[in-house]
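Asks: Residue numbers (our numbering), protein chains in the order written: chain W, 1 to 389; chain Y, 1001 to 1388; chain Z, 2001 to 2224.
What the hints contain is simulated information worked out from the structure, not anything from laboratory work. Backbone N, C-alpha and C fix where the C-beta goes; we use that ideal spot for every residue, glycine too. One or more of the hints may lead you astray.
With the Cβ distance kept under 7 Å, some of the chain W side facing chain Y (calculated, not the full set) [to be verified]:
| hint | residue |
| --- | --- |
| 1 | Ala63 |
| 2 | Ala112 |
| 3 | Leu113 |
| 4 | Ile257 |
| 5 | Gly259 |
| 6 | Ile272 |
| 7 | Leu331 |
| 8 | Ser334 |
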Amino acid sequence: MRIPFSYIWRSLWTRRLTTLLTVIGVALVVFVFAGVLMLARGLQATLVETGAANNVIVLRRSATSELTSQVDRTTAGVLDEQPEIAAATDGRPLVSKELMLVFGLKRKQTNALTNVSVRGVSPKAFELRPEVRITAGRPFQFGTHEVVVAANIAGRFQDVAIGADLVFAGDRWTVVGLFDAGGTGFDSEIWGDVDQLMQAAGRPVFSSVTLRMRDSTQFAALKARLQADPRTQYAELKPERQYYSEQSQAMAGFIRILGLIVTIIFSVGAMIGAMITMYAAVANRTVEVGTLRALGFQRRSVLAAFLVESIVLAVIGGVVGVALASLLSFLRVSTMNFTSFSEIGFGFSLSPWVVFGAMTFAIVMGVVGGFLPAVRAARLSIVGALRAS
Amino acid sequence: MTILKIVLRNAFRHRLRTALTILGIATAVMAFGLIRTIVTAWNAGVEASATNRMITRHRVSLIFPVPLEDRDQIARVPGVTGVSWANWFGGVYGNSTDFKNFWPRFGVDAETYFGLYPEFVVPPEQLAAFRKERSACIIGRKVAADHGFKLGDVITLEGDIYPGPWQFVVRGIYTGRDRTVDETQMFFQWDYLYEQVKQREPGRATDAGFYIMRVGSPSDMARVAAAVDTMFTNSRAPTKTESEREFQQSFVSMSSAIITSLKVISFVIVGIILLVLANTILMAARERTREYAVLKTLGFQARHIAAFIIGESLLIALCGGLVGLALTFPIVRGFGLALPGFFPVIRVEPLTIALALCAALLSGLAAAAVPTVRAIRTPIVSGLRTIG
Amino acid sequence: MTSPIIQIRGVSKSYRRDSMAIPVLHAITLDVPEGEFIALMGPSGSGKTTLLNLIAGIDRPNEGSVSVGGTDVTRLSESDLAKWRSRHIGLVFQFYNLLPVLTAYENVELPLLLTPLSKAERKQHVEAALSLVGLADRLHHYPRQLSGGQEQRVAIARAIAPDPTIIVADEPTGDLDRQSADEVLTLLERLNREFHKTIVMVTHDPHAAERAHTIRHLDKGELQ
């Protein structure tokens, strides 16, 4: 005979305040857990999913980021000639020679000076990166001091709207358009003509070269040939995806470990809270349990009833927690990426997997927190229970 | 006196429940301690800033160098009592994906640098050896310990900003003057950098990365900053001069999002402490409704009842707080080991300990609020009628 | 003839349950002379416990006045009433109501903590009270180590330790077996006879009522 669900439900309602406190506790933990999961996915989207499958980035050997890499004109020239490179719509090789700079802009709300990445690009850059799309204004004209700014950056920093003039490297640069990079790392950058920027910054060499391969299986052959060539022996080739994933390792690693520790601690706290509530529930209803058993309900029904009660508590808390966490998807976080030394923005990304993971987590908490008290309830002897008051 | 006796015995009446509550609070206090320590560690550079040092760098971006010729002009500005310069070298040691292999590496002016950083304590004979040898370097005690570097060892770096293989001989190991000093840095001769770059990449000139100045007194800072920056406004390298504290702060502010979320989380944690404790005290007070009524019949006043409940709450909160603090130290150490190289200085500050205890005690008071009011307001007759 | 130690005039009391007022006592008038041992009897719901609560100062009437030892307790503030109770009332309950975390000694000492007595003086009173009830050998036992009858005797010791003006007992033998009940009642009789304590007892046990001097009946909130 199974104990009716309404008994479980009404028991929770009778001790409303205690129930509420426990539910809030579980909700908070699930919120943090879901938040961490969402952050990890958001980071993944920004840092790892940046980069196209067939794109290859060329840096100076052992450079850890474009900022500290140099690729000189000779090397770049040799790269242009490689047969494995795909052709652009105009038949020329799909290659972009690029320069990375960093300069300070003031954040809108906090007025804090923050490093923003400036990328000097070649004309093929837009075709190489189809995820980058102009959303306002127009693309900049090569050969001029025009730039386009990621819409994200324009939104977060002072004086960066269309028509504004940015002053760096001793020159004025006019913002003529905003772009959206689909949540990838480029969403935190300013783009301009690489030749103009090199001149203004007094840099004689590029930072990197990005190229698209016709067929990605030819990567090894290309790499080997360039290694053997004395003109390009200091160049290192990496699939673009791998490069961006490495960029984020320090950041991602840090956030993952921190998130993990915080979540573990929080969940231990919530389980303890659930345990306390459930033990109290058992203690308070000793006579009830005795009565139920005297009426003929089995021990395992009693165990199940208390366990289910604990799980119901946890599920309610879990739903509340996930609902709160979903609000996070409206939040964009920006911080300094340790490796690239400049601002990187990312969001919280909610997905069915996150919801599933969070609810599973909640249920596990309910089971673990409620198990021992439920066992205690089931173990009560009928006479002992009825006599207790 | 007897109130304390009753409070103590009441608190441990339900040993399991009290133990769980203390454990729950301890867990939360430990999390609080860990997170606040991380926030403090992040700001460690700012806190450790000297009060009389300033940094001059390229106005547009730290990655643009400033001309070496500016040095003499800066030294002549009234208020400046010492000038040096340094370049961030970067480079890669060993496997670049291992956090442990990342530590700050600078090319510095051998003659003047250590005079401006008295907190880096170098034995005089080691400093002399460093100055004499071109490819010598001085490293911090912690990085030496972490990697087993000893005097005379050769450290090989693969340059990135300044490409190619670089080798430095350890001629000195510095220790921090106090516990807030970063002991993971590495310094070699700027002149060596300059010469090598000239050889390896003819046509590439090396300028100073940034200047460090010592001023006579902190009140001179604003004037010196204005004077230096005005001097170079229209040069090819306009400068930004600020106190070392502001300079360090600018790095911290770039990560402000993470720091802010950590601070928010620490408040949430305090809320959790409150919830766990409130839950328990609520249950305990409800169980003792009849006892409090009996005490009232005996003539005990509202303030006595309040003392019992608040006392029990504070006692449990304090126990939880102390256990949590005890656990914070090992977990901070564990965190430091899991992410080496991230925080050169990570320790549990006295302020963090104080805040954690305050959080626990305040939670103790807050958790007792509703049960106390309820117990006081319950008429004696209703209280007596309650069945435990 | 000295005035009655308890004087009740025109007392009415009703309780609110949800939005209804349920009348419990109606225009009660009662005098209890000093040294009296009076039993209040009646069916359940007759209001006898309520009347007892009013006399003990742990509840207030809606109308009328209650005077004990010359003090009109209906006029006292809450905290004054508490103080007054500690000095003048000794309460004995059906379910003993000892604090489980305190020993017999500490339970009896409780009301004395509200007096200016020194620790040594308190010790005297406690030991005297516990001797009187015959439990001098169980000073440091906890309630769970005592039988029902012994617990009730500790409760009586607690009630008399501060030397109160009157003793108020609500069904003191209600939860006891025959033998323990007799012991308790004998004790109460002795307190009344030897020490001249005024005792007001509510009971529906006729054996208990027999021991009292006077029996009054309550029915539907009115004294017969």
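Asks: Against each hint, give a clear statement of whether it holds in the structure.
Replies: Hint-by-hint comparison with the structure:
1. Ala63: Check passed: Cβ of Ala63(W) comes within 4 Å of chain Y, closer than 7 Å.
2. Ala112: Nearest chain Y Cβ about 4 Å off; hint holds.
3. Leu113: Holds - the Cβ of Leu113(W) comes within 7 Å of chain Y, reaching about 6 Å at its closest.
4. Ile257: Hint holds; Ile257(W) Cβ to chain Y Cβ min 6 Å, cut 7 Å.
5. Gly259: violated (10 Å)
6. Ile272: For Ile272(W), the interface hint holds, since the closest Cβ of chain Y sits about 4 Å away, which is under 7 Å.
7. Leu331: Cβ of Leu331(W) sits 10 Å from chain Y, so the hint is violated.
8. Ser334: holds (6 Å)
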